[in-house]
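Novice: Under my numbering, residues 1 to 207 are what the sequence shown spells out, in order.
Errors might be hidden in some of the hints.
Now the in silico label distances, taken between C-beta atoms and shown as ranges [as the list claims (entries may be wrong)]:
hint, residue 1, residue 2, range
1, Asp-60, Arg-200, 22 to 30 Å
2, Asp-121, Gly-180, 26 to 34 Å
3, Arg-160, Arg-135, 35 to 43 Å
4, Pro-163, Gly-94, 34 to 42 Å
5, Gln-204, Arg-162, 12 to 20 Å
6, Arg-26, Phe-169, 30 to 38 Å
7, Gln-132, Glu-171, 13 to 21 Å
8, Gly-10, Ala-83, 31 to 39 Å
9, Thr-71, Gly-180, 31 to 39 Å
10, Met-40, Phe-169, 23 to 31 Å
11, Glu-199, Arg-135, 22 to 30 Å
12, Arg-51, Asp-164, 13 to 21 Å
13, Arg-29, Gly-165, 32 to 40 Å
Simulated from the structure, these hints should not be mistaken for laboratory data. Note that beta-carbon positions come from the ideal geometry of N, C-alpha and C, so glycine has one too.
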Amino acid sequence: MLAVAGGKGGVGKTTTTLGLAGALARDGRPVRAVDTDCEMPDLHALAGCDRDPSLAAVLDGERVPEQPVATIPGVRVVAAPRAADGSTVASALGRLRDRPTVVDTPAGAGPDAVAPLRVADHALLVADGTPQALRDAAKTGAIARELGVTVVGVVLVRSRTRPDGVERFLEAPVLGTVPGATDPLSDPAVWSAYDRVAERLRRQTVI
Numbered sequence: 001m002l003a004v005a006g007g008k009g010g011v012g013k014t015t016t017t018l019g020l021a022g023a024l025a026r027d028g029r030p031v032r033a034v035d036t037d038c039e040m041p042d043l044h045a046l047a048g049c050d051r052d053p054s055l056a057a058v059l060d061g062e063r064v065p066e067q068p069v070a071t072i073p074g075v076r077v078v079a080a081p082r083a084a085d086g087s088t089v090a091s092a093l094g095r096l097r098d099r100p101t102v103v104d105t106p107a108g109a110g111p112d113a114v115a116p117l118r119v120a121d122h123a124l125l126v127a128d129g130t131p132q133a134l135r136d137a138a139k140t141g142a143i144a145r146e147l148g149v150t151v152v153g154v155v156l157v158r159s160r161t162r163p164d165g166v167e168r169f170l171e172a173p174v175l176g177t178v179p180g181a182t183d184p185l186s187d188p189a190v191w192s193a194y195d196r197v198a199e200r201l202r203r204q205t206v207i
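Turn these sequences into a full structure, and let the hints steer you where they fit.
Specialist: Rendered as structure tokens:
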């Protein structure tokens, strides 16, 4: 299970979650993308899926409430619950280990943001290259490591270059830079960037 995290909101975690899931699914394995951000539940909308049923249904013993993404073959989305505490989210995620899973995490460093990291095997940091985003990503990386989660790398979004010293600052390799686009998941250059990130993750046997 791979948590897509970054601390700061609006840096592209949700787009990266869906784009990376799509890139990983190109090898023929179905990939699940899960939204754990109850306050800003954007993943289902970006994927063109319904909000209900959500991740909360997993704890009711129901079939996993995943929905296929019509425009991205092989990806199924689980929407964020309408209200849930960290322990509820962690418990539900813990039951989703039957296939490769990419998790969109909340912004910040509070309990809601930490809960998915407690369950994840690996974390991928996302930042947009601004100083604030990089500082927040560094804090998120430190939290992940404290929880025993391996930080496998960083994705820089809306960028074609990487700031000097970013790998040293974040203590993780830059796995890819994703160019800015008006409609990212319809842009071939964006998909090429996520394909490169997915290939690097496969080489590390992360997911």
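Novice: Broken hints, numbered, in rising order?
Specialist: 1, 3, 8, 9 and 12
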